[in-house]
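Chain by chain, the residues run as shown.
There are 2 protein chains.
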Amino acid sequence: MQPLERGEALRLLGSVSLGRLVFTQQALPAIRPVNHVLDGEDIIIRLSDGAALASLTRPAGGPKAVVAYEADVIDPDRHLGWSVVATGYAQFVDDPADVERYEHLLRPWVARSMTAALRIRPELVTGFRLTDGPTDVPSVASPE
Amino acid sequence: MQPLERGEALRLLGSVSLGRLVFTQQALPAIRPVNHVLDGEDIIIRLSDGAALASLTRPAGGPKAVVAYEADVIDPDRHLGWSVVATGYAQFVDDPADVERYEHLLRPWVARSMTAALRIRPELVTGFRLTDGPTDVPSVASPE
Chain A
36 MQPLERGEAL
46 RLLGSVSLGR
56 LVFTQQALPA
66 IRPVNHVLDG
76 EDIIIRLSDG
86 AALASLTRPA
96 GGPKAVVAYE
106 ADVIDPDRHL
116 GWSVVATGYA
126 QFVDDPADVE
136 RYEHLLRPWV
146 ARSMTAALRI
156 RPELVTGFRL
166 TDGPTDVPSV
176 ASPE
Chain B
36 MQPLERGEAL
46 RLLGSVSLGR
56 LVFTQQALPA
66 IRPVNHVLDG
76 EDIIIRLSDG
86 AALASLTRPA
96 GGPKAVVAYE
106 ADVIDPDRHL
116 GWSVVATGYA
126 QFVDDPADVE
136 RYEHLLRPWV
146 ARSMTAALRI
156 RPELVTGFRL
166 TDGPTDVPSV
176 ASPE
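Chains as they are written, first to last, in the numbering used here: chain A, 36 to 179; chain B, 36 to 179.
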């Protein structure tokens, strides 16, 4: 398990379109799979879940919500792949030109217009790459 | 986007071996990709990250940590797949027989012995299945 540097971690994150937004919802840990694109180092996601959005809304001038964003490509059988976690403040994208641009870049999973775009500015980026299969693995397969 | 019932959601979760543990670490949202097996409805994971484990440790008799556990199989190009999120209390597995059994069932990604096994008892299980491509994306293949 080899740690990744920030640049390489962000490059890998930008190479996929699916990730997971991790946040706090009613004092509980919450997670949603979403699409993303990178804009520079910023992670841009679309979110159409009203309850999740409400959890990320803060009163104007109040503290911004800290979220984590994770993406991975892992082959559990061959023990190869990588995982990246970026942690930072989430902000709503409110510039109309940005909203329109991101709406074209972020492909929706369901047929509805994008409710909100969020920008995550990564303060902390960590990740690892699995480079080698373990030697102590018994031949037991996972169920099904 | 079709919601999943608890039974079907847990069945799908048990059909894969990779998921993501979501928890709170130093008051920040945190996430780790891990392997899992299901034991009845309980989700059993192995965790060898000392800092993460410390965040899940509670003083004896104190409140247990609430975590979320997510797994998904999503094809971002074809907009097909599913995601399941289970939320519940995490407990360390301390019965020696259980620890040994899970150590054989849970395949490590890196060559080291399992530091700890955690049992998540799902209180809340939610999930969705993507059954249909959106109509506003031209190049999406038709659903199976």
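FYI, nobody ran anything at the bench for these hints, they're computed from the structure.
Just so it is clear, CB atoms sit at the ideal spot from N, CA and C, and this is done for glycine as well.
A hint or two may mislead.
What the hints assert, rightly or not - Short derived list, chain A residues pointing at chain B, Cβ under 7 Å:
#1 Thr59
#2 Pro64
#3 Asp74
#4 Val108
#5 Thr150
Hints and how they fare:
About 6 Å separates the beta-carbon of Thr59(A) from the nearest beta-carbon of chain B, less than 7 Å, and the hint is met. Checking Pro64(A) against chain B by beta carbon gives a least distance of about 4 Å; that is within 7 Å, so the hint holds. Interface hint status for Asp74(A): violated, as the beta-carbon distance to the closest one in chain B is roughly 18 Å, over 7 Å. With a cut of 7 Å, the hint placing Val108(A) at the interface with chain B is violated, because the nearest CB-to-CB distance is about 10 Å.
At its closest, the beta carbon of Thr150(A) sits 13 Å from a beta carbon of chain B; the interface hint therefore is violated under the 7 Å criterion.
In terms of the numbered hints stated before, the structure departs from hints 3, 4 and 5, listed from lowest to highest.
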